[in-house]
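Novice: What follows is each chain in one-letter form.
Number of protein chains: 2
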Amino acid sequence: MDLNEDIQLDVHEIGERVLGRWADIRRHTRSVIAQKQLFKVEGENYHDHRERVLKNLKTLVADGATQYGFPAELGGERNPGGSLSSFEELVFADPSLQIKFGVQWGLFGSAILYLGTDYHHKTFLPGAVNLETPGAFAMTETGHGSDVASIGTTATFDEATGEFVINTPDRHSYKDYLGNAAKHGEAAVVFAQLYTQGENHGVHAFFVPIRKKGKNLPGIHSEDDGLKGGLNGIDNGRLAFDHVRIPRINLLNRYADVSEDGTYTSSIESPGRRFFTQLGALVQGRVSLTGAVVNAQKLALDIAVRYGEQRRQFPKPDGTEQVLMDYGRHQRRLLPRIASTYAQIFAHQELLNSFHSVFSGEDESEEARQDLETVAAAAKALSTWYALDTIQESREACGGQGFMAEHRLVSLRADLDVYVTFEGDNNVLLQLVAKRLLGDYAKAFKSPDFGTLAQYVAGQAADRAINRGGLRGLAQNIIDFGSTGRSIGFVKEEEHQHQLLTDRVHTMVANLANKLKHSGPKDKDKEAELFNRHQNDLILAARAHGELILWEAFTSALKTIHDADSKKILTWLRDLYGFTLLEENMAWYLVNGRISSARAEAITDYIDGRLLPRLRPHALSLVDAFLLSPELVRTNLASDEATRRATIANLVRS
Amino acid sequence: MDLNEDIQLDVHEIGERVLGRWADIRRHTRSVIAQKQLFKVEGENYHDHRERVLKNLKTLVADGATQYGFPAELGGERNPGGSLSSFEELVFADPSLQIKFGVQWGLFGSAILYLGTDYHHKTFLPGAVNLETPGAFAMTETGHGSDVASIGTTATFDEATGEFVINTPDRHSYKDYLGNAAKHGEAAVVFAQLYTQGENHGVHAFFVPIRKKGKNLPGIHSEDDGLKGGLNGIDNGRLAFDHVRIPRINLLNRYADVSEDGTYTSSIESPGRRFFTQLGALVQGRVSLTGAVVNAQKLALDIAVRYGEQRRQFPKPDGTEQVLMDYGRHQRRLLPRIASTYAQIFAHQELLNSFHSVFSGEDESEEARQDLETVAAAAKALSTWYALDTIQESREACGGQGFMAEHRLVSLRADLDVYVTFEGDNNVLLQLVAKRLLGDYAKAFKSPDFGTLAQYVAGQAADRAINRGGLRGLAQNIIDFGSTGRSIGFVKEEEHQHQLLTDRVHTMVANLANKLKHSGPKDKDKEAELFNRHQNDLILAARAHGELILWEAFTSALKTIHDADSKKILTWLRDLYGFTLLEENMAWYLVNGRISSARAEAITDYIDGRLLPRLRPHALSLVDAFLLSPELVRTNLASDEATRRATIANLVRS
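If you read the sequences in order, they're chains A and B. In this text, residue positions in the first sequence follow the working numbering: the first is 1, and each later residue adds one. In this text, residue positions in the second sequence follow the working numbering: the first is 1, and each later residue adds one.
Bound conformation, chain A alone:
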């Protein structure tokens, strides 16, 4: 078998490519977090951890790792993509440091910046940016986690005094899980139903001072969420408001305002769009969390692959010993996860570019904003789940050693656990994606143009009988039978992988659209029941769409690789990602007659017999290209660490 063992990955080129557009900012932030006092201390009690993280945030401010997103007059460069790049690197030091950064600048500060106007930028933003005013982002409520539109907190305008009265009506409407709320926060951006002249205008954001010198201000009630499964360096807590009065101008009024006489005005007519515009800041959180968990996967795989290259388990029949990475099963555990991590790296780079265009104002189109939101929702859901899976498999692949806190994997997983829940629960986010897909589908049918429609034709009722009967598949069977080489030839081609992955998304969406509309005369209950019955399928379709986006990003990135060997290796890796997706969803492809039985088996054979053996010699250089210096990894699980690190350190410095 030709293993192409003589070819090599160009770690320098690929390393730079992985680092991406804002490489300089990432390098700077990595140099800042190489300071020992910023590292997570395993086993530290959460009271000390919280104080240390606050102190470390100040170090980040002093060393210039926090300001990129803010205006020049506040020391920044209004560089949204650079700002997120810096944030994303912090996970290597301590995920608590990262998320507390996110609370202060990604949520609290950004809300003032994006939802506020001049007055707020002058009055409140400096304190947020320089950390003199630690702040909370008070959106989520105990009883309304994912349903922000239904929050119970009210902001009622009192014309007599010209103030808003912020109030928490019941226990379900406590603001909850807010970083900085239990202890450090001195102000909060509070989301509340805006009432004026007896009318509810929906959810709006208000700047509310909550604490001074550690003491709650009058009418503010706070509680400590206490110990959590991870991220214990953050003082999450609850806030409740007992008729707290704030000046009218504390309404963050970029999109809507209330005049002195209580008249409500808004530049956005539709209450729905107004609502979603105000929630736009959340997209930043989703984009940056995606980048953060991609980095976490780099770290986990760096540790697991190096260990797998060192550790010997059983002697071979011939008496020699092989390392873990030589085992077929071990390759199955780690190599596809390296592949999905690369796919995520490239997809995240595209996402970050879109985010930068929209948030820097380069692209102000509604379409760009909507695309960004959809892709961010899909990427956040997929990447956070991938991360938990990859970190856990890396932990198990390191056996008992993986369970030791000093080797970081258990601690990393514990911290990242809640990433699947916050900034939009993954299941809820994927439903948003599915909704968009269905909307696009409906649009395509309202103004039928054949280019768009054609994408949806396959899998429709008309040719369903053929697929269902497997006749098309049967023809494929007869041609392919007996020849794995010929069976796989088709799928190996990039365009066919693409076609298969795309076709699945389109067909799933088309089928769902059909199933959801077949409810006869309008009947809300029936529709809800129908939706409910297909809710799982909706989420699966959205997931398939997300996977397609990742595959496409990986494929586009291949075109930009100069070094021929590297391109070859990364193409195998992309194939491994694609083939693994096909394998995971093989039942769908078989049922829908898209892949024949012979090809289905050939795909698995090809993964085990070709792709894994081909990629195995490059496992180490593929993680080398993550360019993780010793200060970022901080474990000596593999004992050749020192030598290896020296090489990487050189690359990092270059």
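What the hints contain is simulated information worked out from the structure, not anything from laboratory work. Computed from a predicted model, the values in this text were never measured in an experiment. Just so you know, nobody snuck in bad clues.
For chains that are exact copies, the list does not tell them apart, and a pair is met inside one copy or across any two.
The calculated lysine to any residue pairs, modelled on SDA-like cross-linking and capped at a C-alpha distance of 25 angstroms, are:
#1 Lys58 with Lys215
#2 Lys55 with Gly43
#3 Lys183 with Thr59
#4 Lys183 with Gly43
#5 Lys55 with Asn45
Using the hints, position chain B against chain A.
Specialist: Quick look at chain B alone, frame taken from chain A:
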């Protein structure tokens, strides 16, 4: 749709059935661990936690929860099944308490009991049983995790002094991850290569004193493993021996002995069998861990289902609100996991019965012992992975609340993480299972009798062409087409589910046997390469076998249910388990022509459209039947706790 909403689970009958054969012992242990000081304290530092757990072990001794497995003269009843039952319940109080119990009595004490003889029983066992001598079980080494046969520690007999010299040759041969080794242990059962008269007789167990009043004895070196991902109430550590001398009679000599002049004798001729017999004690660990993680899943599902019955998310189109459990996706997340938990409960009961038969001496056949080992290996691997999955899904299903330590799910998961690794890494265990399956297959072919052979015929090369071409599947398609009802009818029947699940195991094994043997002339390297290429498939086949065992146990248990309604509900639940297995492995069934495309879709439709809606009203009573009292659950995540608990408390007391 007939949801059979009027029928009800008999929580009393099913509750008793779930509690099983040693219900009285389980009830007693549950009453012992209802003491507050035994509960895990979230966030406690690990030094305090370790001391508290040691103290709590003494409480367990005093309250009679630890002695069941030992002889009557030591206060026990030589009741192996009862002993494990008591152990399994401890997970509700604190997994660290449970595992430290396992170290002391399941490993250290049991090794003296099962590998030692009269002298050891009189001299060492009392201190082990009454906890005067906390002990370590020193088998695993840093460099030889799963490969016990290759351990480096030596025990060399010195004829001159009549002593064994225990020695650690290198860093890789440090005994590692041992509970009681860092601090509390005063003795250890040490596994070492026995050398006498210049010959190595393989791995044997020795009783070695290691510490007195907290100070290491001469020649003993110990290290602390420090903080771990969980189970921090246990003082795991490393031990190394520098030519430590112990009397000859400290060899635990039930199966082998060395006379004063250094002559080695053994009642077991084959060194391989001797080795595995001495490792027999490990099977106890595997059986009892399986029971422990089944209990952990009960706890997680109890918490998540109650929360899902309370928590409202989005308003329905008609304005009313539904609880989380009403959502199709939420049902998909939790109900199949209730089903797999019930399957595991019943499978574990059978496993525990087999264990009791073998270890109490009721059944001394070699076959029974081998079956026990195979089933224990499969069950331990499946159940520990199921547990991590179920706890995590339960945690995510509780959203942000699930991440709070007070609600226990994150802490439970952290503690249970390493259960997939210790007492045999899951991937290694499944390879043992696969080896057994291949062995059985080879046997069947050596003495071909048609009854056995027939099981293996389907899927063989001879009729492969037909399956591969999908012709058999095609006929099914034509018959089924257009009628979900008719498509599903076949699979709904118990015997057909059984046939499909069995057929998959047999065919996978037969195919593997063929693939592994087709290597032409004997060539060790080729064979190793071939094995490696199919290692992943081997593990998948073993997993399929484990799933079949679980399904069969669930099905057998149905026959013992008296209440007709309960039988109906549990039959749906068993179907859900079976259908979910078919769905997960649908690609295999399609490729191999066992299920047609029409049926494949019908199975998913039937899960979403029938089984989930039918079972949904019984979700709560299905977890009620776990009979978990407030002291075992200890969270108020669902606010109707108090009322509900009162009802369960009554049942528990009855």
